[in-house]
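Asks: Sequence:
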Amino acid sequence: MLGRRKLTRRQFVAGMGMAAGLAMLGGCGGGARVGDGPRTVEEASGTVTLTGFSSSPAEEERLREMLADFEEANPEIQVDYQVTTGDYMQRLVTQLSSNTAADVFYLDSLFAPQLIATGALRPLDDYIEGSEVIDPADFYRPLVDAFTSLEDGMIYGMPKDYSILGLFYSLELFEQAGLDPDSPPATWDEVWEYGRKLTDGDGRWGLSLQPELPRYLAFALQQDAPIIDDERNVMPNLEGNLRALEFFAGMYTGPEKIAVQPADTGAQWAGDALGKGGIGMVFEGNWAIPFLNDTYPDREYRIAPLPYEGGQDSLLFTVAYCMNANAENPDAAWKLIEYLTGREGQRRWGELGLAIPPREDAVQSYLDQHPQARALVDSTPEATAWQLNTSDPQPVLDNSNNSIQRAFSSGPEQFRSILEEWKSTVESDVERADG
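Going by our numbering, the sequence shown opens with residue -10, and the numbers climb by one from there.
Honestly, I wouldn't trust all of these hints.
[To be verified] Here are the simulated SDA-like cross-link-like pairs (lysine to any residue), alpha carbons at most 20 Å apart as the crow flies:
{"hint": "1", "residue 1": "K246", "residue 2": "G266"}
{"hint": "2", "residue 1": "K186", "residue 2": "N315"}
{"hint": "3", "residue 1": "K186", "residue 2": "P125"}
{"hint": "4", "residue 1": "K246", "residue 2": "R193"}
{"hint": "5", "residue 1": "K246", "residue 2": "T176"}
{"hint": "6", "residue 1": "K412", "residue 2": "S398"}
{"hint": "7", "residue 1": "K186", "residue 2": "E201"}
{"hint": "8", "residue 1": "K246", "residue 2": "K412"}
{"hint": "9", "residue 1": "K186", "residue 2": "K246"}
{"hint": "10", "residue 1": "K186", "residue 2": "P203"}
{"hint": "11", "residue 1": "K246", "residue 2": "L227"}
{"hint": "12", "residue 1": "K186", "residue 2": "Q250"}
{"hint": "13", "residue 1": "K412", "residue 2": "P170"}
{"hint": "14", "residue 1": "K265", "residue 2": "R288"}
{"hint": "15", "residue 1": "K265", "residue 2": "A175"}
{"hint": "16", "residue 1": "K412", "residue 2": "E235"}
{"hint": "17", "residue 1": "K246", "residue 2": "R395"}
{"hint": "18", "residue 1": "K186", "residue 2": "Q165"}
{"hint": "19", "residue 1": "K265", "residue 2": "T176"}
{"hint": "20", "residue 1": "K265", "residue 2": "Q165"}
[Unchecked claim] Derived DEER-like restraints, expressed as beta-carbon distance ranges:
{"hint": "21", "residue 1": "D189", "residue 2": "F280", "range": "20 to 28 Å"}
{"hint": "22", "residue 1": "E228", "residue 2": "Y70", "range": "27 to 35 Å"}
{"hint": "23", "residue 1": "E31", "residue 2": "G424", "range": "44 to 52 Å"}
{"hint": "24", "residue 1": "D287", "residue 2": "G424", "range": "50 to 58 Å"}
{"hint": "25", "residue 1": "E118", "residue 2": "D218", "range": "25 to 33 Å"}
{"hint": "26", "residue 1": "P401", "residue 2": "E54", "range": "16 to 24 Å"}
{"hint": "27", "residue 1": "E54", "residue 2": "N226", "range": "18 to 26 Å"}
{"hint": "28", "residue 1": "V30", "residue 2": "E410", "range": "47 to 55 Å"}
{"hint": "29", "residue 1": "D287", "residue 2": "P401", "range": "32 to 40 Å"}
{"hint": "30", "residue 1": "W276", "residue 2": "E409", "range": "48 to 56 Å"}
{"hint": "31", "residue 1": "E416", "residue 2": "D169", "range": "28 to 36 Å"}
{"hint": "32", "residue 1": "E118", "residue 2": "E60", "range": "24 to 32 Å"}
It is worth saying that the hints were derived from the structure and are not from the lab.
Beta carbons: idealized from backbone N, C-alpha and C, even for Gly.
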């Protein structure tokens, strides 16, 4: 996981592109003292507010069912749940700035280090220490790390669920190419080897690739080549970044082309390309499972860990339940977080089959729905959370995507110059955001 340096609240809000009048987020409050030993909550009362985004009607329906059960089990607590539409993070920062944010809210790991550093979140360690339901050891460690401050070592969010990248491949095309479906490629070299055999020059391709940072970064991290490291150095291992780009973009733009982009085959994204046919492999996450099963029920596919060179790293995407530092009812807010991220709550969440429960003792409920996802779950302990170590990740993300797309439209001989310009651009982004 990438490290975190202390950011001012002004830096974070400015980084989120907000007006100067909203430049100060509310400080810690809520009346509950933090850090004075275990805090056990046996009873709580009053209203607790919860806000988040919804990925699907099924997710919203399940959450509302669970909230109703929580209220039945805790009759003195009422939950006011609001779904945010539109730009979730922009609205959340605005609400935090005006002290109108909910007591509990979703937070994506991409923005966690920056929001933690502002003081807008309440650390949960005292509640965790006093809980008989929540033990961080029951959760996959990279998911807890994503919401843990390297400044004070405290935990500022309990993971809600997660997704992780892996290799999805077509059973039919493997068999057509004479490849053993029980032995998918495990290394970069084997991806090239399999890709050559899958590409036939007549509409069948080895891979469909999406030229974007949330795919490329997984391979760069295997080379110990982050975009921004713990000390805010940009691309400190440029040779590692180059090696990852040669692998990732080289399959599309190199002299031995074995990959296409989704649009090249009339697809919306790589998972769609795999489902349409003619594509042997894609690097996607478990969100592709329900999509493929529902949209292309006749397409047989399998899932393997993300191929590696160097470290066996993958990239995971996670969201946590966090508590507002100014929560009006922190004890009731904790009871809600404890219920939603406890074993039983996570077991019910996993039954949806949409995202993977973060608890090792609840993940089987998800695997019962999607047993083919076992390889993804098994990859989790070695994975890294999706984060960029700057107070304004959006320009870094945008400029990185642009650079990767340039590489896809250029030749390998231009990769180094593209990386050098990419590095310079991101250095300017970090300087503007963090000074």
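Asks: Evaluate each hint against the coordinates.
Replies: Hint-by-hint comparison with the structure:
no.: 1; hint: K246 x G266; verdict: holds (18 Å)
no.: 2; hint: K186 x N315; verdict: violated (58 Å)
no.: 3; hint: K186 x P125; verdict: violated (45 Å)
no.: 4; hint: K246 x R193; verdict: holds (12 Å)
no.: 5; hint: K246 x T176; verdict: holds (18 Å)
no.: 6; hint: K412 x S398; verdict: holds (18 Å)
no.: 7; hint: K186 x E201; verdict: violated (25 Å)
no.: 8; hint: K246 x K412; verdict: violated (26 Å)
no.: 9; hint: K186 x K246; verdict: holds (12 Å)
no.: 10; hint: K186 x P203; verdict: violated (27 Å)
no.: 11; hint: K246 x L227; verdict: violated (24 Å)
no.: 12; hint: K186 x Q250; verdict: holds (18 Å)
no.: 13; hint: K412 x P170; verdict: violated (39 Å)
no.: 14; hint: K265 x R288; verdict: holds (8 Å)
no.: 15; hint: K265 x A175; verdict: violated (24 Å)
no.: 16; hint: K412 x E235; verdict: holds (16 Å)
no.: 17; hint: K246 x R395; verdict: holds (16 Å)
no.: 18; hint: K186 x Q165; verdict: holds (10 Å)
no.: 19; hint: K265 x T176; verdict: violated (26 Å)
no.: 20; hint: K265 x Q165; verdict: holds (16 Å)
no.: 21; hint: D189 x F280: 20 to 28 Å; verdict: holds (26 Å)
no.: 22; hint: E228 x Y70: 27 to 35 Å; verdict: violated (49 Å)
no.: 23; hint: E31 x G424: 44 to 52 Å; verdict: holds (46 Å)
no.: 24; hint: D287 x G424: 50 to 58 Å; verdict: holds (55 Å)
no.: 25; hint: E118 x D218: 25 to 33 Å; verdict: holds (32 Å)
no.: 26; hint: P401 x E54: 16 to 24 Å; verdict: violated (52 Å)
no.: 27; hint: E54 x N226: 18 to 26 Å; verdict: violated (47 Å)
no.: 28; hint: V30 x E410: 47 to 55 Å; verdict: holds (53 Å)
no.: 29; hint: D287 x P401: 32 to 40 Å; verdict: holds (37 Å)
no.: 30; hint: W276 x E409: 48 to 56 Å; verdict: violated (34 Å)
no.: 31; hint: E416 x D169: 28 to 36 Å; verdict: violated (46 Å)
no.: 32; hint: E118 x E60: 24 to 32 Å; verdict: holds (26 Å)
Of the numbered hints given earlier, the model fails hints 2, 3, 7, 8, 10, 11, 13, 15, 19, 22, 26, 27, 30, 31; all others are met.
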